[in-house]
Amino acid sequence: MLRMQDISKIYRTDLIETHALRELSLEVKAGEFVSVSGPSGSGKSTFLNIAGLLETFDTGLYELDGREVSGLSDDARSRIRNEKIGFIFQGFNLIPDLDLFDNIDVPLRYRRMKADERRKRIESALELVGLASRTKHLPSQLSGGQQQRVAIARAIAGDPALILADEPTGNLDSLMARQIMDLLEKINAMGTTIVLVTHDPELARRAQRNIHIVDGVVIDSPPYQSRFTQFPPRTTAGAAAE
Amino acid sequence: MKTARTQVNLMNVPIRPLFSSLRRNPTGAVLVALQVAITLAVMINAAWIVAQRLEKLERPTGIDTRDTFEIGIVGSSRKFNVAQAESEDLAYLRGLPGVAAATVVNGILLTENGGDTDLSRDPGTNGPVVGANFLTVDDQALNTLDVPLIAGRNFRADEIRPLTKGKQTPPSEVIVTQSLARTLFPHGSALGRIIYNGDSNPLTVIGITRDFMGPQVGAPAYNTVLLPTMPGQAGLYALLVRTRPGMRDTVMREAKQHIGTAHRFGITGFSTPLAKAERQMHAGDRNTAILLTTVTALMLAVCCLGVFGLTTFNVGSRRRQIGTRRALGASKRDIVAHFMMEGALILSGGAFLGSILALVVGNWLTVHYALPRLDLVYLLGGVLALWIVGLLAAWQPARRAADVPPSVATRTV
Chain A
1 MLRMQDISKI YRTDLIETHA LRELSLEVKA GEFVSVSGPS GSGKSTFLNI
51 AGLLETFDTG LYELDGREVS GLSDDARSRI RNEKIGFIFQ GFNLIPDLDL
101 FDNIDVPLRY RRMKADERRK RIESALELVG LASRTKHLPS QLSGGQQQRV
151 AIARAIAGDP ALILADEPTG NLDSLMARQI MDLLEKINAM GTTIVLVTHD
201 PELARRAQRN IHIVDGVVID SPPYQSRFTQ FPPRTTAGAA AE
Chain B
1 MKTARTQVNL MNVPIRPLFS SLRRNPTGAV LVALQVAITL AVMINAAWIV
51 AQRLEKLERP TGIDTRDTFE IGIVGSSRKF NVAQAESEDL AYLRGLPGVA
101 AATVVNGILL TENGGDTDLS RDPGTNGPVV GANFLTVDDQ ALNTLDVPLI
151 AGRNFRADEI RPLTKGKQTP PSEVIVTQSL ARTLFPHGSA LGRIIYNGDS
201 NPLTVIGITR DFMGPQVGAP AYNTVLLPTM PGQAGLYALL VRTRPGMRDT
251 VMREAKQHIG TAHRFGITGF STPLAKAERQ MHAGDRNTAI LLTTVTALML
301 AVCCLGVFGL TTFNVGSRRR QIGTRRALGA SKRDIVAHFM MEGALILSGG
351 AFLGSILALV VGNWLTVHYA LPRLDLVYLL GGVLALWIVG LLAAWQPARR
401 AADVPPSVAT RTV
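As given, the protein sequences belong to chains A and B, one line each in that order. Under the numbering used here, residue 242 is the last one in the first sequence; the count climbs by one each step, no gaps. Under the numbering used here, residue 413 is the last one in the second sequence; the count climbs by one each step, no gaps.
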């Protein structure tokens, strides 16, 4: 699903260079639930941004769902983000002026999906996260946990192959954090690959595999072991070739 | 790689979420929409007024302004014998070698000095009334004005009502301009027809002239009626003189000097080449057009600044939202289209209000200032122009929004 080889990223200012990632290599198989952990400033966020095509990298190779993405145009990167990746942000990143329905609709509209199809997907996603009755509510009318569930609904509504979660429980209390992790595990169990970036060791342990990054380098990356018995891992390699 | 500039498609931007977003944060949008509405109302009506003024500037006077001048004489005492003075002045002027023709009139052509009257096809006050400027003249008026008759005949010398003490005998014949004839009798010739003045005196139209501008008092410029009556009842009159080509200034100087000392109880009030009167007449229209155009351009600029400012503010305050949209798959052109459509909605709301306001203001101007009813082409043109200029104002900040990187979505500060 996701393969990085010798990825380096340097942030430059007039005075200093910061090596955020140093020849980082890792692989995430389709259907895995992987956590990426590390101390503050270790390069977790840079990894997430590069994995999510939110940022470019300086050197190395990155294949996402079987496709090398380093030379893609901005438009092509946007299209891949829209079709293959679902994002869950620490701060939820819901649009405050839009109700839940419209918030989940945002990425689907960018895909130029038909209205009927969008509606079905939004209702189904909200059903999955247990907020089907709140479609007309604004984000500000929901608790933090509920807002993150809406963000998860937005991430899964487009049926992505990969979900990138950036400290999804960072702004939540422990009870809500557990609920969110349960939900992510449920989604993963349905075949969606999940990469969870966190600094919380307890959360990291709930993932199938933990990749530990320090100073932009992978320190510890246990090998992949499938735990799925009920669902086969999903891949959208066919869709990527479209 | 194609640029976002060539690919922005506003039709892909969802309207309903934008509407609901604007509804929840209406203040800035409403203020800018009001600014657009007021600008549009002013712009459309100003453009309409300017068009009228420019049309006036292009209209010919119909008279030989280059070689014609007027001298005004006013009595300084009750002893001033106007009839005798008129007679002596005309005799003097017509004897000058540089004079082509001279007459005596009751006003100053091309200025707002003169008289106006109401004319109608029916006696009394029931029928429709047409406003007309009038000139009281002698039989040499058409020759002096160098205005040809297109139908009928000129006044005969014996038809000119002399200046008498007390009430003058009203004339029974008139000559009218072509425009006035058409206004009075749109479906047939006015020649030989009887019209009535404000006192319900019957006047037979004996001649119709090509259009020319008389004194412009309270009626359209080309609506002029000539009455065969020697002016001067109020103790003042004007001498209208057409010189031979190139002789105007010499003759005017000489005539002014002579007439200024010729009358014991009369003084020369003014002397004006009609070319100067024409320039002054046009100066008002030209200045009004320049002023209105300048004010409108400034208002439009301020309005554009409003759209630019609001879009810039929205882009600045929504950087994280823009980053999130980009992370969720919005292309740069999607972001540009989003802000352009937001601008378009505000402009459309303002244009709708502004159109209504423009019609109301236009109607008010028609009622109170006799301006012709607003042409809807100007309304549509104004809406389109403001819409386009407004969108251009939103373009730059919208382009800047597209440059917000998607990684902004993951930043926590």
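Worth flagging that the hints you see were computed from the coordinates, not collected in a lab. Errors might be hidden in some of the hints.
[To be verified] The calculated label-pair distances, taken between Cβ atoms and stated as ranges, are: (1) A:Leu72 with B:Asp403: 14 to 24 Å; (2) B:Leu380 with A:Lys120: 35 to 45 Å; (3) B:Asn363 with A:Ser124: 52 to 62 Å; (4) B:Val360 with A:Glu117: 39 to 49 Å; (5) A:Asp182 with B:Arg16: 47 to 57 Å; (6) B:Asn363 with A:Lys120: 33 to 43 Å; (7) A:Ser124 with B:Gly316: 29 to 39 Å; (8) B:Gly316 with A:Leu72: 45 to 55 Å; (9) B:Gly316 with A:Asp58: 54 to 64 Å.
Ideal Cβ positions, reconstructed from N, Cα and C, are used throughout, including at glycine.
Comparing the hints with the structure gives:
1. A:Leu72 with B:Asp403: 14 to 24 Å: Given a distance of about 18 Å, which is inside 14 to 24 Å, the answer is holds.
2. B:Leu380 with A:Lys120: 35 to 45 Å: Holds, at about 42 Å.
3. B:Asn363 with A:Ser124: 52 to 62 Å: 56 Å, holds
4. B:Val360 with A:Glu117: 39 to 49 Å: 47 Å, holds
5. A:Asp182 with B:Arg16: 47 to 57 Å: Roughly 34 Å apart at Cβ, these two residues miss the hinted range, so it is violated.
6. B:Asn363 with A:Lys120: 33 to 43 Å: Check failed, 52 Å falls outside 33 to 43 Å.
7. A:Ser124 with B:Gly316: 29 to 39 Å: With Cβ atoms ~36 Å apart, the hint holds.
8. B:Gly316 with A:Leu72: 45 to 55 Å: At roughly 29 Å between Cβ atoms, A:Leu72 and B:Gly316 fall outside 45 to 55 Å, so the hint is violated.
9. B:Gly316 with A:Asp58: 54 to 64 Å: 30 Å, violated
Taken one by one, the earlier hints fail for this structure at numbers 5, 6, 8 and 9, listed in ascending order.
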